[in-house]
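Novice: So you can see what is in the structure, the chains are spelled out below.
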Amino acid sequence: MARCDGRLEEVSALLDGELDGEDELELRRHLDVCDVCTAWRMQLEALSASVAASLGRERAPRSLAHRVDRLAVGTALGTRVLMPLAVVVAVATLSWLGLALLRPLPAFEEALLRDHQRLVAGGVALAVPSSDPSEVARRLGELLPFGIAVEAVKGARLRGGHACTLQGLRAAYLQYERGGEPVSVFLYPRDAPGRGVAASQDGSCRALGETSVCAFEGTDEIISVVTSSPRTARAFRHAAHLSRP
Amino acid sequence: MRRSIFRRLALSHLDLLYGAALRVTGSREQADDLVQETYRIAFERWRSLRDPAACRAWLLRILHNAHVDELRRRRRLVPVEAEVLEIPDPRGLADPERSGMARLTLERLEEALGRLSEEARWLFLLREGEGLSYAELADIFDVPVGTIRSRLARLRGRLLGEIAAGVGERRTKGAHDG
Chain A
5 MARCDGRLEE VSALLDGELD GEDELELRRH LDVCDVCTAW RMQLEALSAS
55 VAASLGRERA PRSLAHRVDR LAVGTALGTR VLMPLAVVVA VATLSWLGLA
105 LLRPLPAFEE ALLRDHQRLV AGGVALAVPS SDPSEVARRL GELLPFGIAV
155 EAVKGARLRG GHACTLQGLR AAYLQYERGG EPVSVFLYPR DAPGRGVAAS
205 QDGSCRALGE TSVCAFEGTD EIISVVTSSP RTARAFRHAA HLSRP
Chain B
95 MRRSIFRRLA LSHLDLLYGA ALRVTGSREQ ADDLVQETYR IAFERWRSLR
145 DPAACRAWLL RILHNAHVDE LRRRRRLVPV EAEVLEIPDP RGLADPERSG
195 MARLTLERLE EALGRLSEEA RWLFLLREGE GLSYAELADI FDVPVGTIRS
245 RLARLRGRLL GEIAAGVGER RTKGAHDG
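In order, the protein sequences belong to chains A and B.
Using my numbering, read the first sequence as starting at 5 and increasing by one per residue.
Using my numbering, read the second sequence as starting at 95 and increasing by one per residue.
If you are wondering where the hints come from, they were derived from the structure by calculation, not from laboratory data.
From a predicted model like this one, the values you see are computed outputs, not experimental measurements.
Where is the CB? At the ideal position from N, CA and C, for every residue including glycine.
Please note: incorrect hints may appear among the correct ones.
[As the list claims (entries may be wrong)] Among chain B residues calculated to face chain A with C-beta under 7 Å, some are:
1) 139
2) 146
3) 202
4) 203
5) 205
6) 209
7) 211
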């Protein structure tokens, strides 16, 4: 059995069509002479055939299809008609009350949102499309006037990085995915001139529709996170920092 | 991608999502709720889908995450790693009679599948039932492809072990009854 230990996993992958050419050839040669692995393969094939025979194809009930379709229409209606209407009502009310929230979004935050939308939508390819934090940090360090360190964020997948210019300010951009949702992280030196965004250690957040923009103050840097909620944004407050020379 | 295109694309996977949800939950009512929640999230976040070709895996990931969230709320989630999953000695399975595969019935297979945790059942059924590639599964479960490969081999080993054990129990019971 010892000589077949690693092979059992390979046999399973072979049946799934997931072995590379060389590995497949080598395994097939092994199967020609090994009764143990051949027995394993036959059992797996029989199991697969039984599962395939038992599963069949399910059709969603017609009532579910109607509800899901209505959901699609409802969301579109909400986005196209009701939400703008709600925004108009909210803005008018706040205007009447004279609340600070009515103030137009600062140009810097508008620039963050704009870059978030175009980079998440894929309109612009990421300069460093890598999920390796150290690789992204190294390559962005070559593109920016400052070096950064990128940390792994629990529960999130790094998609890559980019070098941005926000209102004339050079910033590192990191794109993550968390629970199927895109998250944009912008990092720039704390003492950079021209940044028009309030930041705090616990995060200063502003909501715009379904998107939140939060700014976190670090030792030498500001991290702005654009995502769906302040709670999600907080998970990214330590996603990166300036690296000291 | 335009929203109307996304809507058509997403709705074309409705039967697949419903089938997957039904197999994992074993309940038409729960599958119904889960699929509806999946589409609610998908229609909210559709702009984050960058590659239309990845729509199927993207929807399945939302479905899986929605189910995991539901199980966490009910504190029923058992991670795949927490289970004892070992590849049995295939020499014990070489004889189709002893392994139980010669007389494997739908009922016995469902019993064995029912003893897996929800997470393990997700992985197995998405591979066997929907034919997802290791790369797609790695994306859904957020683990490396190598982990998917070893988990699947161990899961299959466990299922074969469960089926063989079921045969053994029946034989023993039959002998006592007789």
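Novice: Look at each hint and say if it fits the structure.
Specialist: Going through the hints against the structure:
For residue 139 of chain B, the interface hint holds, the least distance from its beta-carbon to any beta-carbon of chain A being 6 Å, beneath 7 Å. Below 7 Å, beta-carbon pairs count as interface contacts, and residue 146 of chain B has none with chain A, the closest being about 11 Å; its hint is therefore violated. Evaluation of the residue 202 of chain B hint against chain A yields a violated restraint, the C-beta minimum of about 9 Å exceeding 7 Å. Taking 7 Å as the C-beta cut-off, the interface hint given for residue 203 of chain B holds, the closest approach to chain A being about 6 Å.
Of the supplied interface hints, the one on residue 205 of chain B is violated, with its beta-carbon coming no nearer than about 12 Å to a beta-carbon of chain A, more than 7 Å. A cut of 7 Å between beta carbons decides the hint on residue 209 of chain B: the least distance to chain A is about 15 Å, and the hint is violated. Given the 7 Å rule on beta carbons, the hint for residue 211 of chain B is violated: about 17 Å separates it from the nearest Cβ of chain A.
In this structure, the hints that do not hold are numbers 2, 3, 5, 6 and 7, in rising order.
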